[in-house]
Amino acid sequence: MSTMKPSDSRIRFDLQVIASWIEPGSKVLGLGCGEGELLHFLKKNKRVTCTGIELDEDKVAKCIEKGLTVLQGDINEEVLDYPDNAFDYVILSRTLQQIYEPGELVRDMLRIGRKAVVSFPNFSHWNVRLKLLTTGRAPLTKQLPYEWYNTPNIRVISMEDFRRFSRETGFSILKEVAINTDHREKSGNVIKLFANLRATYGVFLIGKRQL
Amino acid sequence: MSEYIEHEKTGVSVGIVEKKSFTFAHPPKEMTLENGSTLGPVTLAYETYGELNSDRSNAVLIMHALSGDSHVAGYYGHEDAKPGWWEIMVGPDKGIDTHKYFVVCSNILGSCMGSTGPGSINPKTGEPFGLDFPVVTIGDMVAAQKALVDHLGIKRILAVVGGSIGGLQVLEWCLKYPDMVVSAIPLATTPKHSALTIAFNEVARQAIMADPNWNNGHYYNGAKPDLGLAVARMIGHITYLSDESMRHKFGRRLQDKSDFSFNFDGDFQVESYLRYQGTKFVERFDANSFLYVTKAADYFDITRQDESGSLVKAFSRAKAKFLVVSFTSDWLYPTYQSKAMVKAMKKNGLDVSFCEIKADWGHDAFLLPSERLTALMKGFLERVYNETKR
Chain G
1 MSTMKPSDSR
11 IRFDLQVIAS
21 WIEPGSKVLG
31 LGCGEGELLH
41 FLKKNKRVTC
51 TGIELDEDKV
61 AKCIEKGLTV
71 LQGDINEEVL
81 DYPDNAFDYV
91 ILSRTLQQIY
101 EPGELVRDML
111 RIGRKAVVSF
121 PNFSHWNVRL
131 KLLTTGRAPL
141 TKQLPYEWYN
151 TPNIRVISME
161 DFRRFSRETG
171 FSILKEVAIN
181 TDHREKSGNV
191 IKLFANLRAT
201 YGVFLIGKRQ
211 L
Chain Y
1001 MSEYIEHEKT
1011 GVSVGIVEKK
1021 SFTFAHPPKE
1031 MTLENGSTLG
1041 PVTLAYETYG
1051 ELNSDRSNAV
1061 LIMHALSGDS
1071 HVAGYYGHED
1081 AKPGWWEIMV
1091 GPDKGIDTHK
1101 YFVVCSNILG
1111 SCMGSTGPGS
1121 INPKTGEPFG
1131 LDFPVVTIGD
1141 MVAAQKALVD
1151 HLGIKRILAV
1161 VGGSIGGLQV
1171 LEWCLKYPDM
1181 VVSAIPLATT
1191 PKHSALTIAF
1201 NEVARQAIMA
1211 DPNWNNGHYY
1221 NGAKPDLGLA
1231 VARMIGHITY
1241 LSDESMRHKF
1251 GRRLQDKSDF
1261 SFNFDGDFQV
1271 ESYLRYQGTK
1281 FVERFDANSF
1291 LYVTKAADYF
1301 DITRQDESGS
1311 LVKAFSRAKA
1321 KFLVVSFTSD
1331 WLYPTYQSKA
1341 MVKAMKKNGL
1351 DVSFCEIKAD
1361 WGHDAFLLPS
1371 ERLTALMKGF
1381 LERVYNETKR
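In the order they appear, the protein sequences are chains G and Y.
Positions 1 to 211 (my numbering) are the ones given, in order, by the first sequence.
Positions 1001 to 1390 (my numbering) are the ones given, in order, by the second sequence.
Since the hints were derived computationally from the structure, they do not count as laboratory data.
Computed from a predicted model, the values in this text were never measured in an experiment.
Heads up, some of the hints might be wrong.
Unchecked claim - Derived EDC-like pairs (lysine to aspartate or glutamate); straight-line CA-CA distance at most 20 Å:
1. Lys44(G) / Asp88(G)
2. Lys1313(Y) / Asp81(G)
3. Lys1347(Y) / Asp108(G)
4. Lys43(G) / Glu1387(Y)
5. Lys43(G) / Glu1356(Y)
Could you put the whole structure together from the sequences, leaning on the hints where they help?
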């Protein structure tokens, strides 16, 4: 994990990290896939069979226009239709903090997928802590740019919280990477020391708990 | 579907096209229909645009809706006032690009635009069929199209595309001939007619049959049931619009007057619009064909072959890659019906894309200019075409 070579500089750094974990030729479901940046990259560079789910019509259309298989719908409902182990990987990128029932969604992801990838902005980054401490207000950062009254992020999660969540929900963490991205977010660093304090994003590869 | 046919602003067109016809099922090798009866010979009027490529892998089959015909795009001559009904979508560099694809569309069995239907001459009597014409199904229409596709030497169809009743045919193609269909685009359609849809169709049929000129379908040598057919069309047009589109288009505005007339001549713009649409329709459409085609659509139910009535089971036969599109204000074939199909496709592990386009124009939205729909179809077709080349 120490030398994370960006596989392609054209996609966002956190997506490069995720892409590096995906086996070539596998089946991937991208939840909240946006305009399909990651799925398009995986399809082109890793011969991956991919499907995306996205709520926003404009984004869905952009995906289909570029030749991706994408369904318009609510990820919490759409995951229910797939049979067990329909995918090798189910990816939830930067969306966990917006999910009403994260436990249920993660369980569904690991039912329909053999493995899952989850990433989220790390709420325990030193900058977030510092802002709360010094201003006494809900912190605003580059990764969490919303006011308390208009944020779609209804959950605050730190990397340490997610590890606890894995134990309580009953899944295993297969890989984890803490990253620190720059402003354009096309490149970044993988953090090893004091990750929970220094990472802007946490990226986790998770699997079903071994019996 | 309505008639929105207009010259395209861009002026780009497939140009001059020709209506052709194909006759098959000559006795004694007649076509056996789903209701058990036989029919033959059967003629289909059809048109083709673009070129079939050397490996015959670029055919796109378009299916028209209730009152459409084989004339999808282009003009019959230089003096022709109007192009085909989907001129905005089909042509060079358009959503269905005739530079790339070989486009085929035939008039459906039972219609009256050059294909065999109730207005055709019954070879056994030398008179028009009238109600002696067998009640055909969407499955029969598709079986006839299959004969045409075979005749054209096409083994695999790159895409079957259609909206509304055309969409029913798209679904039938995918389940009846799964190995022939690479991909499918069902637009503004449903796996089976709802009670609401059947109800509208029934009222429309009753309007025709209540016209004394209808005469149990024997009117071809005399006055036609124009009034009944016009009312049927008026009902249709209500279902193609939406509350919102009618509010925008007409509101309560009066037609050519400033106050009520206090009689029944018609005051409101919406009345005038419906009357105009009804009157215009009878010039080109046969009342009996209206009965037959709407009945076929009402009978359509892709779950009918299975007692459990399961959509999931129905789609287990399909192999195509799907692009399903619905429109927000379509109350004739609402989005939940498209979503039910999509769900069944997902459960079968099919490759399916789905988009609900925000549109205020009701069911007719699929025929109106939409950059979104054009871009979706273009992207999807390009992808499935490239995937056949691998």
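Okay, the hints, checked on the actual structure:
no. : hint                   : verdict
1   : Lys44(G) / Asp88(G)    : holds, 17 Å
2   : Lys1313(Y) / Asp81(G)  : holds, 14 Å
3   : Lys1347(Y) / Asp108(G) : holds, 15 Å
4   : Lys43(G) / Glu1387(Y)  : holds, 12 Å
5   : Lys43(G) / Glu1356(Y)  : violated, 24 Å
The structure fails hint 5 only (numbered hints given earlier).
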